[in-house]
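Undergrad: Listed here are the chains, written in short residue letters.
2 protein chains.
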Amino acid sequence: MERPDKNCQSPSRRQMMIGTAGVIAAGTALTQLEGLFNSAQAKGGPTEKWPWPYEKLDPAKTAEICYNEWYRVFCGCAVINSIFSQLREKIGEPYTSFPVDAFVFLEGGQVGWGTICGSPAGANIVANLIIGPRIAGSPVGHQISADIMQWYSEADMPVFTPAKPRLKKKLVKTVSDSPLCHISVGKWMKASGYPLKSAERKDRCARVAASTAYRLVELLNDWKDGKYEETSDFSAPSEFGITGQYNCDECHTEVPTPPMPKS
Amino acid sequence: MERPDKNCQSPSRRQMMIGTAGVIAAGTALTQLEGLFNSAQAKGGPTEKWPWPYEKLDPAKTAEICYNEWYRVFCGCAVINSIFSQLREKIGEPYTSFPVDAFVFLEGGQVGWGTICGSPAGANIVANLIIGPRIAGSPVGHQISADIMQWYSEADMPVFTPAKPRLKKKLVKTVSDSPLCHISVGKWMKASGYPLKSAERKDRCARVAASTAYRLVELLNDWKDGKYEETSDFSAPSEFGITGQYNCDECHTEVPTPPMPKS
Chain A
1 MERPDKNCQS PSRRQMMIGT AGVIAAGTAL TQLEGLFNSA QAKGGPTEKW
51 PWPYEKLDPA KTAEICYNEW YRVFCGCAVI NSIFSQLREK IGEPYTSFPV
101 DAFVFLEGGQ VGWGTICGSP AGANIVANLI IGPRIAGSPV GHQISADIMQ
151 WYSEADMPVF TPAKPRLKKK LVKTVSDSPL CHISVGKWMK ASGYPLKSAE
201 RKDRCARVAA STAYRLVELL NDWKDGKYEE TSDFSAPSEF GITGQYNCDE
251 CHTEVPTPPM PKS
Chain B
1 MERPDKNCQS PSRRQMMIGT AGVIAAGTAL TQLEGLFNSA QAKGGPTEKW
51 PWPYEKLDPA KTAEICYNEW YRVFCGCAVI NSIFSQLREK IGEPYTSFPV
101 DAFVFLEGGQ VGWGTICGSP AGANIVANLI IGPRIAGSPV GHQISADIMQ
151 WYSEADMPVF TPAKPRLKKK LVKTVSDSPL CHISVGKWMK ASGYPLKSAE
201 RKDRCARVAA STAYRLVELL NDWKDGKYEE TSDFSAPSEF GITGQYNCDE
251 CHTEVPTPPM PKS
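Sequences listed follow chains A and B, in order. Heads up, the first sequence is in this note's numbering, so the first residue is 1 and it goes up one at a time. Heads up, the second sequence is in this note's numbering, so the first residue is 1 and it goes up one at a time.
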């Protein structure tokens, strides 16, 4: 679907409806509170110095690893491990000690609850583990996360076709307009006619994870080269005064207006 | 709202509509594929042995730490660090080397996109890091994640009131019926009248994170004592043939039927 023009309040995605710079400005204000916090609890551990070392990877090779990993650890964990398994080999720590397999639970939008698809969730974890949180000095991990979720929502999925698919058939492609598993998988099942536990749905999700790993590596490589530019142009907090996605009228019959600041 | 009876297909939450045991049975079938995977990539790092050491914590003390941590690192990271900061002191590794602060991005349902609230997302991470993924031998990390998301959805939030709230006022309580930030924060803003960037909304979220950390520690302590019993009685994959939450008719005017397996 097209980005909302009539049902949501923003005629232009770039228009700042609320007049603040959203989450990043809020972060600046909030760092003033850090000094109030117990410094013993704020002291970072040895891996809490960023950025972590990173060597550029090949997106297609990463996608192939991810596609196969899906069948062992499913979407989120496959995205994480497709990148971290290579960085363990090339670099070692802190990747070697990061417990990637703990993240199997990202499957099905977090143990089947259909919230954020594991693929973008795993990508967000990787980007922030490598680049660090916005409170440590760089906004890029946060920005790549927004890029990934918007790209995931807008892409005709799955983008990537593996060299040796386990299921040797063409799969229907769908646009989810949302990073939520329920919506992403739901729209695909509707278009394809295949149920949740089918080999087709599973292979679709494996290819979607691979597509996401491919895209993430492109962004990380750009960041490594000093060429990264934010592609996301949507912020629900800034544009609508609430956290959210852009497909408002897919869930709302009438899109509500959140309370606005008195200005 | 009451759990769905008329708009969703399941008259009883316990009724198995599809006739399979959902994600956990799928996991059993899928472990048969593990042997097909490249063992070099499946080899675990030093922290990928579970369970991690755990000592029982005090839920109220954890909630207080979490409430204050919210103002430094926001919902998801606050839940993680409220528990891990204590385990770093009591036990040390592998908590010391886990990069907690990387998880600031969980804020606002993942950088403001309103997907899963950072509080249950952080709780899911903690439970699975400590107990391990279902593929490593225990289903409890997965089960606690389902427990937390269902509890979060059904609870009158915020449950916990800190001993020294930064905002010395009573806050309206709301039931979200969903683990999504957009819905949880949206319903609270509607009931309270306070906008997203208000001190009231922030303190509400800090108290919600604290409430979640409290509940998580209760569950982890039960697990440590060998007394853990799953409380979640909802599974959208099993009941409806799609990943999801239980508040179907809040988004769907007419709840669609996913493709079903031919049986």
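If you're looking for bench data, these hints aren't it; they were derived computationally from the structure. Treat each hint with caution, since some may be false.
[To be verified] Short, incomplete list of chain A residues facing chain B, as computed with Cβ under 7 Å:
1) G45
2) T47
3) Y54
4) G108
5) G112
6) W113
7) G137
8) S138
9) H142
10) G244
11) V255
12) T257
13) P261
[Unchecked claim] Mimicking PhoX-like on lysine-lysine, the simulated pairs with C-alpha atoms at most 25 Å apart in a straight line are:
14) B/K61 to B/K173
15) B/K173 to A/K168
16) A/K262 to B/K61
17) A/K262 to B/K169
Given the structure is predicted, the values throughout are model-derived calculations rather than measurements. From the three backbone atoms N, C-alpha and C, an ideal C-beta is built for every residue, glycine too.
Undergrad: Next step is simple, just say for each hint if it's right about the structure.
TA: Comparing the hints with the structure gives:
1. Interface restraint check: A/G45 against chain B, minimum CB-CB distance 5 Å, threshold 7 Å, status holds.
2. Restraint check, A/T47 versus chain B: the minimum CB separation of about 4 Å is within 7 Å; hint holds.
3. The interface hint given for A/Y54 is broken, as the beta carbon of that residue sits about 14 Å from the closest beta carbon of chain B, more than 7 Å.
4. Interface hint status for A/G108: upheld, as the beta-carbon distance to the closest one in chain B is roughly 4 Å, under 7 Å.
5. Nearest Cβ of chain B to the Cβ of A/G112: about 5 Å, under the 7 Å cut. The hint holds.
6. Residue-level restraint check for A/W113 holds (minimum Cβ-Cβ distance to chain B is 5 Å; threshold 7 Å).
7. With 7 Å as the threshold, the beta carbon of A/G137 stays out of range of chain B, its nearest partner Cβ sitting at about 11 Å, so the hint is violated.
8. Annotation: interface hint on A/S138 violated; nearest CB of chain B at approximately 12 Å, more than 7 Å.
9. Of the supplied interface hints, the one on A/H142 holds, with its beta-carbon coming within about 5 Å of a beta-carbon of chain B, less than 7 Å.
10. Satisfaction of the interface hint for A/G244 is found here, the shortest Cβ-Cβ separation to chain B being roughly 4 Å, below the 7 Å cut-off.
11. Residue-level restraint check for A/V255 is violated (minimum Cβ-Cβ distance to chain B is 11 Å; threshold 7 Å).
12. A least Cβ separation of about 10 Å between A/T257 and chain B goes past the 7 Å threshold, and the interface hint is therefore violated.
13. Using the Cβ-Cβ criterion of 7 Å, the hint placing A/P261 at the interface with chain B is satisfied: the shortest such distance is roughly 5 Å.
14. Distance restraint check for B/K61 and B/K173: the Cα-Cα separation of roughly 22 Å lies within the 25 Å cut-off, and the hinted pair is therefore satisfied.
15. For the proposed pair B/K173 and A/K168, the alpha carbon gap of about 52 Å is over 25 Å, so the pair is violated.
16. Between A/K262 and B/K61 the CA atoms are separated by roughly 36 Å; this puts the pair beyond 25 Å, and the hint is violated.
17. A C-alpha spacing of about 20 Å is found between A/K262 and B/K169, which places the hinted pair at or below 25 Å, so the restraint holds.
Consistency with the previously given hints fails for numbers 3, 7, 8, 11, 12, 15, 16, ordered from lowest to highest.
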